[in-house]
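A.B. asks: For the record, the sequence lines run as chains A and B. Following the numbering used here, the numbering of the first sequence begins with 1 at its first residue and continues without gaps. Following the numbering used here, the numbering of the second sequence begins with 1001 at its first residue and continues without gaps.
FYI, nobody ran anything at the bench for these hints, they're computed from the structure. Be a bit skeptical, because a hint or two may be false.
List time: in silico DSSO-like cross-link candidates among lysine-lysine, alpha-carbon distance up to 27 angstroms [stated by the list, open to error]:
#, chain 1, residue 1, chain 2, residue 2
1, A, K98, B, K1066
2, B, K1037, B, K1112
3, B, K1043, A, K71
4, B, K1043, B, K1066
5, B, K1066, B, K1037
6, A, K71, A, K98
7, B, K1066, A, K71
8, B, K1089, A, K98
A few chain A residues that face chain B, going by a derived Cβ cut-off under 8 angstroms, partial list only [what the hints assert, rightly or not]:
#, residue
9, V16
10, A61
11, S62
12, A81
13, I83
14, R85
15, A86
16, D89
17, P112
18, V113
19, A118
20, V125
This structure is a prediction, so every number in the text was calculated from the model and none was measured. Every residue, glycine too, gets a C-beta built ideally from N, C-alpha and C.
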Amino acid sequence: MSPSRRGWIPWILLGVVAAGVLVWAVWPSGDPTDAERTRSLAHELRCPDCESLSAADSQTASARAIRRDLKQRVAEGQSDATIRRAYVDRYGESILLKPERGGLGLLVWGLPVLLLIAGAGALVVAFRRWRGAAPLQPTDDDEALVREMRTGERAS
Amino acid sequence: MKHPARWVAGAVAVLLVAFSVVLATQVGSDPRADAKKSQLAGKDAPEFTVETLDGQELTEADLAGKATIVNFWNTWCIPCREEHPELTKFYERHADDPDFVMLGIVRDDNRKAVDRWMRANGDAWTIATDPGGNAALSFGTRGQPETFAISPDGLVVGYQFGPSSVRDLETLLAAARGGTGL
């Protein structure tokens, strides 16, 4: 293997490790139970009559009613998307604490990823440039200046 | 590609500009603007079941064929108390209208407080409690008082968030009867 190819090995290993950690972090660990789904959905929905709290964190009558309703819908076998849609139909998009992954929400989710990719691309370009740049060579004037200074030092 | 860094920077700039344009044109300055309007407007009234103070179940089906005003309230809510004289005046005007019904749904209160309120005020319109808060949830309420107008064929044709005046209530009733709503 040529030295230039060998130089890529740490980067490839780093990429593999990073990808592995990401997959491990986001991979679902088995099917969630009904209680887990209910809790997760309650964390996604805003409590309608309090500011910036989820239905899971609030103790208002509305939040309690939402938790009961979610439990019932999950037990009936409704999908998470169907349940979210039912709440959006009733309260509007503002009931969701996280934007939906579609329409305008897709932009909000996708833009950071695109920016991350663009940033990584910019880094790759910058690293290549730094590596490809020829090392600075002293000009004749530089060498003459150094000779002159050394001569001066010896004379003193 | 001659200047890759410039292309990347250009792509990022284009993305940011596109994002800004979308945010400026599609998103209002108030992220909770839709909290000020009912998503039910123009749709079928939701299914609900409430319990009248004499223990009878009442559902949306019982209101069919009537111009209906549904008012969500609580005894402890100050705006609801301020609204109460207006509701009383309005109801007195229309109590004998054969096509009209007014329903007060207690949104989040205890029964003792409601009974005390009724002894003191003796509201003549139908008052019901909302066990489990399901009716409040079905109507997508965010607080109280909130008032909805339902047409005889079961459509939500008007709403008022916050205290209603007699004039507001007349407008809602006119909408429920087929006049101008929403």
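A.B. asks: Hints first: check each against the structure and report whether it holds.
C.D. replies: Evaluated hints:
Using a Cα cut-off of 27 angstroms, the hinted pair K98 (chain A) and K1066 (chain B) is violated, with the two alpha carbons roughly 40 angstroms apart. In summary, the hint linking K1037 (chain B) to K1112 (chain B) is not supported, as the alpha carbons are separated by about 32 angstroms, beyond the 27 angstroms threshold. Between K1043 (chain B) and K71 (chain A) the CA atoms are separated by roughly 26 angstroms; this keeps the pair inside 27 angstroms, and the hint holds. Pair hint K1043 (chain B) plus K1066 (chain B) holds up; C-alpha atoms about 16 angstroms apart against a cutoff of 27 angstroms.
The hinted pair formed by K1066 (chain B) and K1037 (chain B) meets the criterion: a straight-line CA distance of about 24 angstroms does not exceed 27 angstroms. A distance of roughly 20 angstroms separates the Cα atoms of K71 (chain A) and K98 (chain A); the hinted pair therefore holds under the 27 angstroms criterion. A threshold of 27 angstroms between alpha carbons decides the hint, and for K1066 (chain B) with K71 (chain A) the separation of about 34 angstroms lies outside it, so the pair is violated. Restraint check: the Cα-Cα separation between K1089 (chain B) and K98 (chain A) comes to about 44 angstroms, which exceeds 27 angstroms; the hinted pair is violated.
Interface restraint check for V16 (chain A): the shortest CB-CB distance to chain B comes to about 25 angstroms, outside 8 angstroms, so the restraint is violated. The beta carbon of A61 (chain A) is positioned within 8 angstroms of a beta carbon in chain B (closest approach about 4 angstroms), and the interface hint is therefore held. Proximity of S62 (chain A) to chain B holds as hinted, the smallest CB-CB distance being about 6 angstroms (cut-off 8 angstroms). This hint is violated: A81 (chain A) has a C-beta 18 angstroms from the nearest C-beta of chain B, more than the 8 angstroms allowed.
Annotation: interface hint on I83 (chain A) violated; nearest CB of chain B at approximately 13 angstroms, more than 8 angstroms. The restraint placing R85 (chain A) at the interface with chain B is violated, with a minimum CB-CB distance near 12 angstroms, outside the 8 angstroms limit. A cut of 8 angstroms between beta carbons decides the hint on A86 (chain A): the least distance to chain B is about 10 angstroms, and the hint is violated. Using the Cβ-Cβ criterion of 8 angstroms, the hint placing D89 (chain A) at the interface with chain B is satisfied: the shortest such distance is roughly 6 angstroms.
A least Cβ separation of about 10 angstroms between P112 (chain A) and chain B goes past the 8 angstroms threshold, and the interface hint is therefore violated. Interface restraint check: V113 (chain A) against chain B, minimum CB-CB distance 11 angstroms, threshold 8 angstroms, status violated. A cut of 8 angstroms between beta carbons decides the hint on A118 (chain A): the least distance to chain B is about 5 angstroms, and the hint holds. Proximity of V125 (chain A) to chain B holds as hinted, the smallest CB-CB distance being about 5 angstroms (cut-off 8 angstroms).
In terms of the numbered hints stated before, the structure departs from hints 1, 2, 7, 8, 9, 12, 13, 14, 15, 17, 18, listed from lowest to highest.
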